[in-house]
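Chemist: Start from the sequences and build out the full structure, keeping to the hints where you can.
Protein sequence lines, in the order shown, are assigned to chains A and B. Take the first sequence: its position 105, counting from 1, is numbered 105 in the working numbering, and each next residue is one higher. Take the second sequence: its position 46, counting from 1, is numbered 162 in the working numbering, and each next residue is one higher.
Simulated from the structure, these hints should not be mistaken for lab results. On a predicted model such as this, the values are computed, not experimentally measured, just so you know. Glycine included, every Cβ here is placed at the ideal spot set by N, Cα and C. There may be inaccurate statements among the hints.
Unchecked claim - Interface residues of chain B toward chain A, partial, derived using beta-carbon atoms under 7 Å:
1. Gln157
2. Gly158
3. Pro159
4. Tyr164
5. Gly188
6. Phe190
7. Glu194
8. Phe222
9. Gln224
10. Gly225
Stated by the list, open to error - With a straight-line cut-off of 30 Å between C-alpha atoms, the simulated DSS-like cross-links for lysine-lysine are:
11. A/Lys70 with A/Lys3
12. B/Lys127 with A/Lys115
13. A/Lys103 with B/Lys187
14. B/Lys130 with A/Lys3
15. A/Lys3 with A/Lys103
16. A/Lys16 with A/Lys73
17. B/Lys173 with B/Lys187
18. A/Lys103 with A/Lys70
19. B/Lys130 with B/Lys173
20. A/Lys16 with A/Lys103
21. B/Lys187 with B/Lys127
22. A/Lys73 with B/Lys173
23. A/Lys103 with B/Lys173
24. A/Lys16 with A/Lys70
25. A/Lys103 with A/Lys73
Stated by the list, open to error - Okay, the calculated beta carbon distance ranges per label pair:
26. A/Ala18 with B/Ser182: 45 to 53 Å
27. A/Ser80 with B/Lys130: 32 to 40 Å
28. A/Gln56 with B/Arg227: 35 to 43 Å
29. B/Phe190 with A/Asn67: 37 to 45 Å
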Amino acid sequence: AQKITQTQPGMFVQEKEAVTLDCTYDTSDPSYGLFWYKQPSSGEMIFLIYQGSYDQQNATEGRYSLNFQKARKSANLVISASQLGDSAMYFCAMREGTEGGFKTIFGAGTRLFVKA
Amino acid sequence: DTGVSQNPRHKITKRGQNVTFRCDPISEHNRLYWYRQTLGQGPEFLTYFQNEAQLEKSRLLSDRFSAERPKGSFSTLEIQRTEQGDSAMYLCASSLVGAIRTEAFFGQGTRLTVV
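Modeler: Structure below.
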């Protein structure tokens, strides 16, 4: 069974607008972390934001925020004020605690296109 | 440079040949991961080490694949008798052990093309 699901293969957003990239996850481990990574065409994986399963507040890092809905098992990434340089693949990832051996697994990704 | 380093960046090999990739993690990181990524897909977990111990291997890792991390520092991933289906980007990442919070830092990957 898929542990990380990203249902949007591609998304378009107008420059300066906000966009939400969806991510749902599946785990029975009470302790886990959720991550978002950006992969531009150059190929490197760039860490964006982290949310812990016990964190009460939604994580924010600059223009990135994570809309964490624990009961729904969703961890959507919100990018505000999109820039042309935001065009890239975006991956949602999860690290489980004891059950998952602390390894990180990834979703299939969403390709974001920012239009001028 | 204190990031994760992978060598070579690109490798073209003939089917049936053996190849070996190297990963140098961030020096204080004791956990090291290998992933495989094909075009348009997310990274697929292959294996990971805590120090020199290999803790888990994915079922994706056939017996033609072997990974080592002698002395808990750099790691090598070897593919024997390469097949065209092995063509992919091989990513290495490192992190601190046991901490849910710490993100994995990735190298730039080794792109393998089997012809």
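Chemist: Hint by hint, say whether it matches the structure.
Modeler: Each hint, compared with the structure:
With 7 Å as the threshold, the beta carbon of B/Gln157 comes within range of chain A, its nearest partner Cβ sitting at about 6 Å, so the hint holds. At its closest, the beta carbon of B/Gly158 sits 4 Å from a beta carbon of chain A; the interface hint therefore holds under the 7 Å criterion. Taking 7 Å as the C-beta cut-off, the interface hint given for B/Pro159 holds, the closest approach to chain A being about 5 Å. A distance limit of 7 Å between C-beta atoms decides the matter here; for B/Tyr164 the minimum to chain A is near 5 Å, and the interface restraint holds.
Of the supplied interface hints, the one on B/Gly188 is violated, with its beta-carbon coming no nearer than about 16 Å to a beta-carbon of chain A, more than 7 Å. Interface hint at B/Phe190: violated, since its Cβ lies 19 Å from the closest Cβ of chain A, which is beyond the 7 Å cut-off. The beta carbon of B/Glu194 is not positioned within 7 Å of any beta carbon in chain A (closest approach about 21 Å), and the interface hint is therefore violated. The beta carbon of B/Phe222 is positioned within 7 Å of a beta carbon in chain A (closest approach about 4 Å), and the interface hint is therefore held.
For the restraint placing B/Gln224 at the interface with chain A, the shortest Cβ-Cβ distance is roughly 5 Å, inside the 7 Å limit, so the hint holds. Against a cut-off of 7 Å between C-beta atoms, the interface hint on B/Gly225 holds, since the closest Cβ of chain A lies about 6 Å away. Between A/Lys70 and A/Lys3, the direct Cα distance comes to roughly 15 Å. Compliance with the 30 Å bound is thereby established for this hinted pair. At most 30 Å may separate the alpha-carbon atoms for a hinted pair to count; B/Lys127 and A/Lys115 exceed this at roughly 35 Å.
For a cut-off of 30 Å, the pair hint linking A/Lys103 to B/Lys187 stands: about 21 Å separates their Cα positions. Taken as a hint, the B/Lys130 and A/Lys3 pair is broken in the structure, with Cα atoms around 35 Å apart against an allowance of 30 Å. For the proposed pair A/Lys3 and A/Lys103, the alpha carbon gap of about 12 Å is at most 30 Å, so the pair holds. Distance hint between A/Lys16 and A/Lys73 is fulfilled; the C-alpha atoms sit about 29 Å from each other, no more than 30 Å.
Of the pairs offered as hints, the one joining B/Lys173 and B/Lys187 holds, with about 19 Å between alpha carbons and a cut-off of 30 Å not exceeded. About 20 Å separates the Cα atoms of A/Lys103 and A/Lys70, which keeps this hinted pair within 30 Å; it holds. Simply put, B/Lys130 and B/Lys173 have alpha-carbon atoms about 26 Å apart, close enough for the 30 Å limit, and the pair holds. Between A/Lys16 and A/Lys103 the alpha-carbon distance is near 35 Å, which puts this suggested pair outside the 30 Å criterion.
Among the hinted pairs, B/Lys187 with B/Lys127 is consistent with the structure: their alpha-carbon atoms are about 26 Å apart, no more than 30 Å. A C-alpha spacing of about 27 Å is found between A/Lys73 and B/Lys173, which places the hinted pair at or below 30 Å, so the restraint holds. A C-alpha spacing of about 11 Å is found between A/Lys103 and B/Lys173, which places the hinted pair at or below 30 Å, so the restraint holds. This hinted pair checks out: A/Lys16 and A/Lys70 have alpha carbons roughly 29 Å apart, not beyond 30 Å.
Taking the CA atoms of A/Lys103 and A/Lys73, the gap is near 19 Å; set against the 30 Å cutoff, the hint holds. Between A/Ala18 and B/Ser182 the beta carbons are some 46 Å apart, a value that agrees with the proposed interval 45 to 53 Å. A C-beta distance of roughly 49 Å is found between A/Ser80 and B/Lys130, which places it outside the suggested range of 32 to 40 Å. Between A/Gln56 and B/Arg227 the CB atoms are about 42 Å apart, so this pair conforms to the stated range of 35 to 43 Å.
A beta carbon spacing of about 39 Å between B/Phe190 and A/Asn67 agrees with the range 37 to 45 Å that was offered as a hint.
Of the hints listed earlier, those the structure fails to meet are numbers 5, 6, 7, 12, 14, 20, 27, in rising order.
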